[in-house]
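A.B. asks: If you want the building blocks of each chain, they are given just below.
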Amino acid sequence: DAKTTQPPSMDCAEGRAANLPCNHSTISGNEYVYWYRQIHSQGPQYIIHGLKNNETNEMASLIITEDRKSSTLILPHATLRDTAVYYCIVKTGANNLFFGTGTRLTVIP
Amino acid sequence: DAGITQSPRHKVTETGTPVTLRCHQTENHRYMYWYRQDPGHGLRLIHYSYGVKDTDKGEVSDGYSVSRSKTEDFLLTLESATSSQTSVYFCAIRRTDNTEAFFGQGTRLTVV
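First to last, the sequence lines map onto chains A and U. Read in my numbering, the first sequence has 56 at position 44, and its numbers run on one by one without any break. Read in my numbering, the second sequence has 28 at position 11, and its numbers run on one by one without any break.
Extracted from the complex, chain U is given alone in its bound form:
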């Protein structure tokens, strides 16, 4: 493992409730990413961060927000969960923009 932990690993929530997923790293890497993975789509970028309080949108950012108040933590929030957000969410970290990325083990989120 590259010192990256996602929590929770599994979650079931009801439509309309807020949900926060946490990505924690111990590597002091600058870049952090949130992806979602759905059948037939591969991994798609939701949001990413290039430093504390520096974030930007990815290709599927609607319905999601992020925060990074500390280098080690990158939070993904679903303000009001919908069934279309049922997915597996992966966090990734990179030391620089041309080095390899390390991925967490994923969070399986089910919105009922």
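With the rest of the complex left out, here is chain A:
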């Protein structure tokens, strides 16, 4: 399975856009990029996923580079409730979502 690299931590001012980067240089053509977040000790929450094209939903936008070796999750207007650990995951097939250690995002008032 392709692995991902994320910065261990980031800060973002409340109301500003939070841009979380992820490198997945070994991704193969049929692997999706998924983003999840985990708030405190709750179960991980799905945010968004994509294959090639940029994606947007009510929570966030996902920008995938043309070569698919990296992506950025954008939270357009970060709130204090967005403080969490964010995981970027690349996988194929059914057997696993490989969670690394993610990025701890802290939204500052």
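Read the hints as simulated data drawn from the structure, not as lab findings. Ideal Cβ placement from N, Cα and C applies to all residues, glycine included. Each hint should be verified, as a subset may be incorrect.
[Said to hold, decoys possible] Stretch-level coverage of chain A by chain U, calculated; a stretch enters the list once three of its residues show a Cβ under 8 Å from a Cβ in chain U:
no.	stretch
1	50-60
2	111-120
[What the hints assert, rightly or not] As a list, the in silico DSS-like pairs of lysine-lysine whose alpha-carbon atoms are at most 27 Å apart:
no.	chain 1	residue 1	chain 2	residue 2
3	A	K81	A	K15
4	U	K87	U	K28
5	A	K15	U	K74
6	A	K103	A	K64
7	A	K103	A	K15
8	A	K103	A	K81
9	U	K70	A	K103
10	A	K103	U	K74
11	U	K87	U	K74
[Unchecked claim] Listed below are several chain U residues computed to face chain A (Cβ distance under 10 Å; list not exhaustive):
no.	residue
12	Q42
13	D114
14	A118
15	G121
Add chain U to chain A, keeping to what the hints say.
C.D. replies: Relative to the frame of chain A, chain U by itself:
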């Protein structure tokens, strides 16, 4: 919630005793997973299931067994609990292999 329930939510048990954790779903999803989460390790896959009676090992399966006799239930068993199995356990479900996964709220297991 995505119709996924874990039980118990908290458990303290003694070393050497058997423990079974239950994951129950009401979504009729095909895929089910058990993860454990420890500080500094993120989530690691223990076992997963791709259908009734169809299961396979994950990356940290030693000391664990699973069973899935019905679509809605996925059981994780520690045959003889050890202190190294103290952890938070999460169950997840997926409708297909390229859709999002939904996670339960977790079971905090302490082995003393």
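A.B. asks: Decide, hint by hint, whether the structure agrees.
C.D. replies: Going through the hints against the structure:
no., hint, result
1, 50-60, "holds (count 6)"
2, 111-120, "holds (count 4)"
3, K81(A) to K15(A), "11 Å, holds"
4, K87(U) to K28(U), "24 Å, holds"
5, K15(A) to K74(U), "19 Å, holds"
6, K103(A) to K64(A), "14 Å, holds"
7, K103(A) to K15(A), "8 Å, holds"
8, K103(A) to K81(A), "13 Å, holds"
9, K70(U) to K103(A), "24 Å, holds"
10, K103(A) to K74(U), "16 Å, holds"
11, K87(U) to K74(U), "19 Å, holds"
12, Q42, "13 Å, violated"
13, D114, "3 Å, holds"
14, A118, "6 Å, holds"
15, G121, "5 Å, holds"
In this structure, the one hint that does not hold is number 12.
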